[in-house]
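Peer 1: Given chain A, work out where chain B should sit, using these hints.
Residue numbers (my numbering), protein chains in the order written: chain A, 1 to 137; chain B, 1 to 137.
What the hints contain is simulated information worked out from the structure, not anything from laboratory work.
Misleading hints may appear alongside valid ones.
As the list claims (entries may be wrong) - Computed list of lysine-lysine pairs in DSS-like fashion (alpha-carbon distance at most 27 Å, straight line):
hint : chain 1 : residue 1 : chain 2 : residue 2
1    : B       : LYS53     : B       : LYS31
2    : B       : LYS31     : B       : LYS121
3    : A       : LYS119    : B       : LYS31
4    : B       : LYS136    : A       : LYS31
5    : B       : LYS53     : A       : LYS121
Stated by the list, open to error - Covered by chain A, according to a simulated footprint, are these stretches of chain B (three or more residues, beta-carbon under 8 Å):
hint : segment
6    : 21–33
7    : 67–76
Unchecked claim - Over 10 Å on every C-beta distance to chain B, these chain A residues come out as not near it, computed from the model:
hint : residue
8    : SER68
9    : VAL101
10   : TYR102
11   : ILE108
12   : LYS121
Note that beta-carbon positions come from the ideal geometry of N, C-alpha and C, so glycine has one too.
2 protein chains.
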Amino acid sequence: MAKDIIHDAVKNALLKDNWTVTHAPYIIRVKGVQMYADLGAEKVIAAEKDGQKIVVEIKSFMGDSAISEFHTAVGQYLNYQQALEEQDPIRQLYLAISDDVYDSFFTIPFVQEAVVRHKIKLIICNIQQEVIIKWKI
Amino acid sequence: MAKDIIHDAVKNALLKDNWTVTHAPYIIRVKGVQMYADLGAEKVIAAEKDGQKIVVEIKSFMGDSAISEFHTAVGQYLNYQQALEEQDPIRQLYLAISDDVYDSFFTIPFVQEAVVRHKIKLIICNIQQEVIIKWKI
Numbered sequence: 001m002a003k004d005i006i007h008d009a010v011k012n013a014l015l016k017d018n019w020t021v022t023h024a025p026y027i028i029r030v031k032g033v034q035m036y037a038d039l040g041a042e043k044v045i046a047a048e049k050d051g052q053k054i055v056v057e058i059k060s061f062m063g064d065s066a067i068s069e070f071h072t073a074v075g076q077y078l079n080y081q082q083a084l085e086e087q088d089p090i091r092q093l094y095l096a097i098s099d100d101v102y103d104s105f106f107t108i109p110f111v112q113e114a115v116v117r118h119k120i121k122l123i124i125c126n127i128q129q130e131v132i133i134k135w136k137i
Numbered sequence: 001m002a003k004d005i006i007h008d009a010v011k012n013a014l015l016k017d018n019w020t021v022t023h024a025p026y027i028i029r030v031k032g033v034q035m036y037a038d039l040g041a042e043k044v045i046a047a048e049k050d051g052q053k054i055v056v057e058i059k060s061f062m063g064d065s066a067i068s069e070f071h072t073a074v075g076q077y078l079n080y081q082q083a084l085e086e087q088d089p090i091r092q093l094y095l096a097i098s099d100d101v102y103d104s105f106f107t108i109p110f111v112q113e114a115v116v117r118h119k120i121k122l123i124i125c126n127i128q129q130e131v132i133i134k135w136k137i
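Chain A on its own, in the form it takes in the complex (with noise of 0.2 Å):
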């Protein structure tokens, strides 16, 4: 699975659950930090609906190493947190993965104790049917 089709199907499943998607990419601007250098801000969007606002990180974890990819997403979101906390605190933030990713390595308990740990909303989607399966808070 190229990591461009889960970015897709997850845009895709907030548009048939009736999300409008505001900003793809959404790029989270933070004084003196340099965002669009950010190697995973591509994989962030914003959508809203009925007046609610998200931001949306989207990660594979399909690399080589699905460990180091969780470091990086737990960094990111916690950073994403504090400049959303700063800039835009009602959007609510979440990170989107696919079904198999969330019954293969987030039910591994670490995993799940970081998630809950560091206050993790996920969205969890299945790829294949662009359809989003649970939202985790």
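Peer 2: Below, chain B alone, put in the same frame as chain A:
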């Protein structure tokens, strides 16, 4: 400055400061997670001095994107912290960086706030002289 230069410089700076380097790399094992596939793990060392035990995550911030490397550094630090609390809670975790990177990047208010928020302890080294400039807790 190559990534390996900072690794060796930090190790030599610790030796000069009378630390014994006990593990290089120091592999953190977590049940269910293949940490040997942790791409950042090669830059983690463990050291001891007078009964004190530390783990040092070394980051060069010399890639194309300091902010992307910072995401990874924060996530790796927090995941290692979580793993150490379970396995080896007396070991203190540090992030080692060069004084140049400290002065240019870690003085940015957003970055400073993240370091405080996540209680990231720093070892700041001069790479050319291979000496520890400051322990910042």
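Peer 1: Run every hint past the structure and note whether it holds.
Peer 2: Status of each hint after checking the structure:
no., hint, verdict
1, LYS53(B) / LYS31(B), "holds (22 Å)"
2, LYS31(B) / LYS121(B), "holds (26 Å)"
3, LYS119(A) / LYS31(B), "holds (21 Å)"
4, LYS136(B) / LYS31(A), "holds (24 Å)"
5, LYS53(B) / LYS121(A), "violated (34 Å)"
6, 21–33, "holds (count 4)"
7, 67–76, "holds (count 9)"
8, SER68, "violated (4 Å)"
9, VAL101, "holds (14 Å)"
10, TYR102, "holds (15 Å)"
11, ILE108, "violated (4 Å)"
12, LYS121, "holds (16 Å)"
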